[in-house]
Every structure is written in C-alpha cells, then in structure tokens.
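**Student:** Listed below, chain by chain, are the residues.
Number of protein chains: 2
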Amino acid sequence: MIVALAGGVGAARFLEGFVRVVPQEKVTIIGNVGDDIEIYGLHVSPDLDIVAYTLAGLVDPNKGWGFRGDTFHCQEILCKYGYETWFHIGDRDMATHLYRTQQLRRGSRLSKVTHDLVRSLGLRVKLLPATDDQLTTYVTSRGRRMHFQEYMVKRGTRPRIDRVIFEGAKSTEPADGVLESITRAKGVLVCPSNPIVSIGAVLAVPKIRAALQRAKTKVVAVSPIIGGKTVKGPADKLMKSLGVEPSAFGVAECYRDFLDTIIIDRVDRKLAPKIEALGIKATVTQALMKTMADKVRLARLALSEIES
Amino acid sequence: MIVALAGGVGAARFLEGFVRVVPQEKVTIIGNVGDDIEIYGLHVSPDLDIVAYTLAGLVDPNKGWGFRGDTFHCQEILCKYGYETWFHIGDRDMATHLYRTQQLRRGSRLSKVTHDLVRSLGLRVKLLPATDDQLTTYVTSRGRRMHFQEYMVKRGTRPRIDRVIFEGAKSTEPADGVLESITRAKGVLVCPSNPIVSIGAVLAVPKIRAALQRAKTKVVAVSPIIGGKTVKGPADKLMKSLGVEPSAFGVAECYRDFLDTIIIDRVDRKLAPKIEALGIKATVTQALMKTMADKVRLARLALSEIES
Numbered sequence: 000m001i002v003a004l005a006g007g008v009g010a011a012r013f014l015e016g017f018v019r020v021v022p023q024e025k026v027t028i029i030g031n032v033g034d035d036i037e038i039y040g041l042h043v044s045p046d047l048d049i050v051a052y053t054l055a056g057l058v059d060p061n062k063g064w065g066f067r068g069d070t071f072h073c074q075e076i077l078c079k080y081g082y083e084t085w086f087h088i089g090d091r092d093m094a095t096h097l098y099r100t101q102q103l104r105r106g107s108r109l110s111k112v113t114h115d116l117v118r119s120l121g122l123r124v125k126l127l128p129a130t131d132d133q134l135t136t137y138v139t140s141r142g143r144r145m146h147f148q149e150y151m152v153k154r155g156t157r158p159r160i161d162r163v164i165f166e167g168a169k170s171t172e173p174a175d176g177v178l179e180s181i182t183r184a185k186g187v188l189v190c191p192s193n194p195i196v197s198i199g200a201v202l203a204v205p206k207i208r209a210a211l212q213r214a215k216t217k218v219v220a221v222s223p224i225i226g227g228k229t230v231k232g233p234a235d236k237l238m239k240s241l242g243v244e245p246s247a248f249g250v251a252e253c254y255r256d257f258l259d260t261i262i263i264d265r266v267d268r269k270l271a272p273k274i275e276a277l278g279i280k281a282t283v284t285q286a287l288m289k290t291m292a293d294k295v296r297l298a299r300l301a302l303s304e305i306e307s
Numbered sequence: 000m001i002v003a004l005a006g007g008v009g010a011a012r013f014l015e016g017f018v019r020v021v022p023q024e025k026v027t028i029i030g031n032v033g034d035d036i037e038i039y040g041l042h043v044s045p046d047l048d049i050v051a052y053t054l055a056g057l058v059d060p061n062k063g064w065g066f067r068g069d070t071f072h073c074q075e076i077l078c079k080y081g082y083e084t085w086f087h088i089g090d091r092d093m094a095t096h097l098y099r100t101q102q103l104r105r106g107s108r109l110s111k112v113t114h115d116l117v118r119s120l121g122l123r124v125k126l127l128p129a130t131d132d133q134l135t136t137y138v139t140s141r142g143r144r145m146h147f148q149e150y151m152v153k154r155g156t157r158p159r160i161d162r163v164i165f166e167g168a169k170s171t172e173p174a175d176g177v178l179e180s181i182t183r184a185k186g187v188l189v190c191p192s193n194p195i196v197s198i199g200a201v202l203a204v205p206k207i208r209a210a211l212q213r214a215k216t217k218v219v220a221v222s223p224i225i226g227g228k229t230v231k232g233p234a235d236k237l238m239k240s241l242g243v244e245p246s247a248f249g250v251a252e253c254y255r256d257f258l259d260t261i262i263i264d265r266v267d268r269k270l271a272p273k274i275e276a277l278g279i280k281a282t283v284t285q286a287l288m289k290t291m292a293d294k295v296r297l298a299r300l301a302l303s304e305i306e307s
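Protein sequence lines correspond, in order, to chains A and B.
At position 191 of the first sequence (counting the first as 1) the number is 190 in numbering that gives the first Met the number 0, and the numbers step up by one without a gap.
At position 142 of the second sequence (counting the first as 1) the number is 141 in numbering that gives the first Met the number 0, and the numbers step up by one without a gap.
There could be a bad hint or two in this list.
No copy labels: a pair is met if it fits in one copy or bridges any two.
[Stated by the list, open to error] In the DSSO-like style, the derived pairs of lysine-lysine whose C-alpha atoms are separated by at most 30 Å in a straight line are:
1) K169 <-> K289
2) K153 <-> K269
3) K62 <-> K79
4) K79 <-> K111
Bear in mind the hints are in silico, worked out from the structure with no lab data behind them.
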C-alpha cells in the first residue's frame with residue numbers, strides 16, 4: 000500500500016500516471032481540504048474533486064478541474080439572481096457539491112461522502128480528506144485576510160501574500176484511516192503540489208505531520224517547482240513572498256523533518272548538493288509531465304525510490 | 000389592483016394573457032405552495048416558478064414548467080451518485096432552487112425570496128406565496144400517504160386518491176400582503192387551476208378563504224374543467240375520486256362560499272342553470288386557450304366580469 004499526499008491539479012496529473020504503475024486498490028490518497036469553500040450554500044472540496052475527476056478520466060483536461068465538456072447554465076441564472084460567479088461551477092460539477100452538501104447535512108462525515116463519490120465515479124483508490132474537521136486556508140495581504148479561493152480564483156493570485164493561516168488546524172484530528180494508512184504504508188509520496196498551501200494544509204493536521212516524522216518507510220516527494228517556477232498555481236509566488244526559496248530546494252526545506260528523497264528536474268540539478276546537505280536525497284530526472292508516458296515514467300521512478 | 004389565485008400551468012397560461020390586458024404593476028398573484036418539495040436538499044416551489052417563468056417568457060412551452068431549452072446535466076450526474084431523478088430539474092432551474100434555499104436558510108421568508116426572484120426575472124407583477132408557513136399537500140391512496148409530487152410526477156397520477164391533506168394548513172397565516180391585497184383589490188380572479196389541490200391549498204390558509212368570503216369585490220373563476228376533462232393535470236380524476244362532480248359545476252361548488260361568477264366553456268353551457276342555482280353567475284365562452292389571442296380574449300372577459 001502506497002500513501003500519497005495530494006493537492007489539486009499537479010497531484011492529480013502525477014497520480015494519473017501512478018495508478019497505471021500501482022493498482023488503484025493499493026493507493027491511498029490523503030487530500031487537501033483547506034481550500035474547501037461554501038458556494039451558494041454548497042460544500043465544495045476542489046482538491047478532492049480534481050483528484051477524483053482526473054483519476055476517473057472525467058476531468059476537463061484544459062482547465063484541470065471540473066467535468067470535461069461541462070455547461071455552466073446554472074451559474075448563468077445564478078448570475079441573473081445577483082450571485083457572484085467568480086468561482087466557476089459547471090452543471091455536472093454542481094451535482095457533486097449538491098450530493099456532498101446534502102450528505103454532510105444528514106450527518107455523514109466528509110470522508111464517508113468522499114468514499115461514496117469516488118466509488119460512484121468507478122474508482123478503486125482510497126481518497127481520504129486529511130481531516131473531517133473544519134480546517135480552512137486563509138491568506139493575508141497587507142493585513143487583509145481572505146479565503147484561499149478568493150486569493151487564487153477571484154483575485155487571480157495577484158495580491159502579495161504575507162501570511163498563510165490554516166484556521167482550525169491545531170484542533171483537527173486526521174480523518175479515519177489516515178494515520179493507519181501512513182503507519183502501514185510501504186512508502187509515502189508527496190505529490191507535486193503547492194508545498195505551502197496544498198500539502199501545507201495536509202501537514203497542518205498535527206498528527207499527520209507527526210506520523211510522517213515517525214514513519215519507518217521512505218517518504219518521497221516530487222518537486223512541483225521546476226527551474227524556479229510552478230507548472231500551475233501560485234506555489235512559486237507564495238514561497239517567495241513567505242521567505243521560502245522558490246525552488247526544489249525550498250520544497251525540500253518545507254518537508255525536511257520527514258522527507259527522505261525528492262525528485263527534481265534536470266534543470267535543477269545544481270540544487271542537488273544543497274538538498275543533500277539537508278540529509279535529503281535528490282534524484283534528478285525529467286520531472287515535467289507533458290504526456291502520459293512522462294507521468295508513468297515519473298511514477299515508476301517515485302516507486303523505485305520508495306522501494307530502494 | 001386585481002388579485003389572482005393561481006396554481007401552476009393552467010394559471011400561468013391564463014395570466015400570460017391577463018398581463019397583456021392589465022399592467023403587471025396592477026396584478027397580485029397569490030400562488031400555491033402546497034406542492035413545494037425538498038429535492039436534493041433544495042426547496043422547490045413548482046407553482047411559483049411555473050408562474051414566474053411563464054410570465055417572464057422563459058418557460059419551456061411544451062412542458063409548461065422549467066426553462067425553455069434547459070439541459071439536465073446536473074441530474075445526470077446526481078443519478079450516477081444514486082439519487083432519484085423522477086422530479087426533473089434542469090440546470091437553469093436548479094439555480095432558482097439554489098438561490099431560494101440559500102436565502103431561506105439565511106432567514107429570508109419565502110415571500111421575500113419570491114419577490115426577489117420575480118424582480119430578477121424582469122417581472123413587475125407581485126407574486127406572493129399564499130403563506131410563508133409550512134403547508135404541504137399530501138394525498139392518500141388506499142391509506143398510503145404520499146407527497147402530492149410523488150402522486151403527480153413519480154406515479155404519473157395513476158393511484159386512485161381517497162383523501163387530500165393540507166398538512167399544517169390550519170395553523171398557517173397568509174404571507175405578508177396577501178390579506179391586504181384581497182381587501183383592497185378591485186376584483187379577485189380564480190385562475191383555471193386544480194380546484195382541489197392547487198387553489199385548494201391556497202384556500203386551506205384559513206384567513207385567505209375567510210377574506211374571500213368577506214370580499215366586497217367580485218370573485219370570478221375560470222373553469223379548468225372543459226367537457227368534464229382538464230386540459231392539463233389530474234383535476235378531473237381527483238374531483239371524481241373525492242366525490243366532486245368533475246365539471247365546471249363541480250368547480251363552482253368548490254368555491255360556492257365566495258364565488259360570484261364562473262366562466263365556463265361553450266361545451267358546458269347546459270351546466271349554467273345548475274351553477275346559477277348555486278347563486279353563481281355562469282358566463283359562457285370559448286374557454287380553451289390555444290393561442291395568445293384566446294388567452295387575451297379570456298382575460299378581457301374575466302376583467303369585464305370583475306368590472307360588471
């Protein structure tokens with residue numbers, strides 16, 4: 000059994016390759032819920048959905064989120080009713096949020112709802128939210144606090160961020176199965192996601208970080224930063240403005256208390272000695288995923304690092 | 000100011016003509032909420048929406064409900080998640096229910112939400128739910144109780160109904176503005192809707208029926224039964240199985256405590272003496288509405304009866 004810590008699009012694309020190398024039944028994904036947001040009274044879990052839709056082959060390949068070919072008729076009318084529509088939700092996607100919201104209102108935990116959604120989409124991976132408790136990622140820009148989605152989607156990552164807050168994190172417990180999966184795993188993967196906000200919000204659940212620090216198996220990360228830039232999302236910007244080096248080295252530093260190996264791109268090979276000085280092995284490869292073949296090759300490498 | 004008591008499709012089609020004869024600002028519609036139902040955790044008000052969509056020129060003209068050209072992508076996915084989809088909700092229509100539900104959860108009354116929806120759709124009529132309180136229409140068939148929508152939509156009006164129950168009706172108060180509008184009206188119209196369940200649920204609010212009985216202005220109904228049959232819906236069946244004559248006479252009987260005039264179709268002219276024996280004037284015309292011209296002519300006749 001392999002455990003993967005995952006954010007959104009980067010993680011989902013990496014995992015697409017990974018489940019071609021390792022049977023889905025043997026993969027447990029611990030997903031970020033810090034970005035969860037209530038929209039139109041519905042509970043939206045963007046990162047869990049991105050991972051599920053991607054692995055089910057249903058995701059919009061250009062956007063990286065939502066259903067392929069989805070329509071936005073509901074939001075067109077919501078706009079007419081005066082609602083904001085900066086957070087795009089397609090009509091098919093709306094079904095997921097309706098289902099999740101109603102099940103949560105009936106008393107189901109997010110982990111149970113996620114399990115049912117994932118099975119309905121035909122997947123056999125285990126997808127666990129890091130926690131069933133309330134954990135919300137906020138950022139502040141010049142002292143003004145905003146939900147991470149407001150920064151990310153509404154403001155297009157333009158504000159300069161001075162602080163990231165994982166509200167409620169300290170009192171969260173890992174969702175059922177999270178700790179057990181880490182303890183029993185043959186290895187742990189940290190997907191190429193934003194180390195500050197996406198993986199950061201998973202690690203903000205105190206017992207998850209502690210379990211990784213104690214883990215006896217290999218913990219292997221794939222750097223989401225290549226040549227000082229992220230492929231998608233604001234990780235590089237956020238790292239920089241928070242005083243973390245926006246590089247594979249910076250990523251390794253974020254995870255230094257539990258990481259064994261980090262897979263970095265060839266363009267970053269000069270960072271290897273600096274990373275290894277942290278006591279973390281740096282494995283150099285072509286880390287940019289353009290094709291499914293790239294994803295599969297990267298997955299094989301990650302697996303061999305875990306097994307080494 | 001004219002007040003119209005309204006159910007769903009029949010009322011909406013009649014009112015389409017009426018607002019061509021009387022300015023929208025002078026029309027207050029008191030709508031049925033007995034058919035309201037919670038679907039996917041959303042508050043659906045079918046009759047209010049049918050009236051609003053129709054008057055806004057947005058309704059699906061074939062179905063008589065929902066938005067013209069709407070898609071059903073959300074429900075396709077909800078079906079995948081194991082939800083029932085017998086109550087059809089299009090993607091655009093879903094927006095109305097999302098808006099209504101969120102506003103109600105925030106503490107708005109249904110009358111306020113309906114007002115805002117109607118204004119967003121560009122209408123100037125006043126559309127008032129009969130009550131802001133809980134009033135739900137149930138029917139029983141061989142002792143088995145079901146929500147009216149289950150009988151109407153899920154079971155396609157096939158069960159033989161032995162009883163209609165307006166649950167909660169006795170303790171309902173009319174929504175703000177309902178009594179005032181009846182008291183101040185120049186006349187009251189009872190639209191060609193199901194007298195048992197649609198208008199019946201409006202009249203089940205005790206103070207509404209009492210206000211009509213006391214009304215000093217004319218109360219004019221348009222019979223929804225023509226030649227013993229309804230144009231749409233189960234009114235004829237329901238009347239029959241509840242021991243009410245399924246005819247324009249039976250309709251007049253349902254309203255005998257407050258009705259001044261009933262407009263009936265030519266095919267029912269032989270019923271006129273029997274109706275007039277109830278102390279209700281029967282006005283004979285072509286009551287079947289096929290074209291907008293039919294609707295306008297019928298509206299003019301109703302208006303002249305009010306003014307007579």
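**Student:** Does each hint hold? Answer for all of them.
**Tutor:** We went through each hint and held it up to the structure:
Proximity of K169 to K289 under the C-alpha cut-off of 30 Å is found in neither arrangement, the shortest distances being 38 Å within a copy and 67 Å between copies. Taking the shortest Cα distances, K153 and K269 never come within 30 Å of each other, neither inside one copy (37 Å) nor across copies (67 Å). When the C-alpha separation of K62 and K79 is checked against a cutoff of 30 Å, the pair qualifies both within a copy, at 25 Å, and between copies, at 23 Å. Proximity of K79 to K111 under the C-alpha cut-off of 30 Å is restricted to the inter-copy arrangement: shortest distance 17 Å between copies versus 35 Å within a copy.
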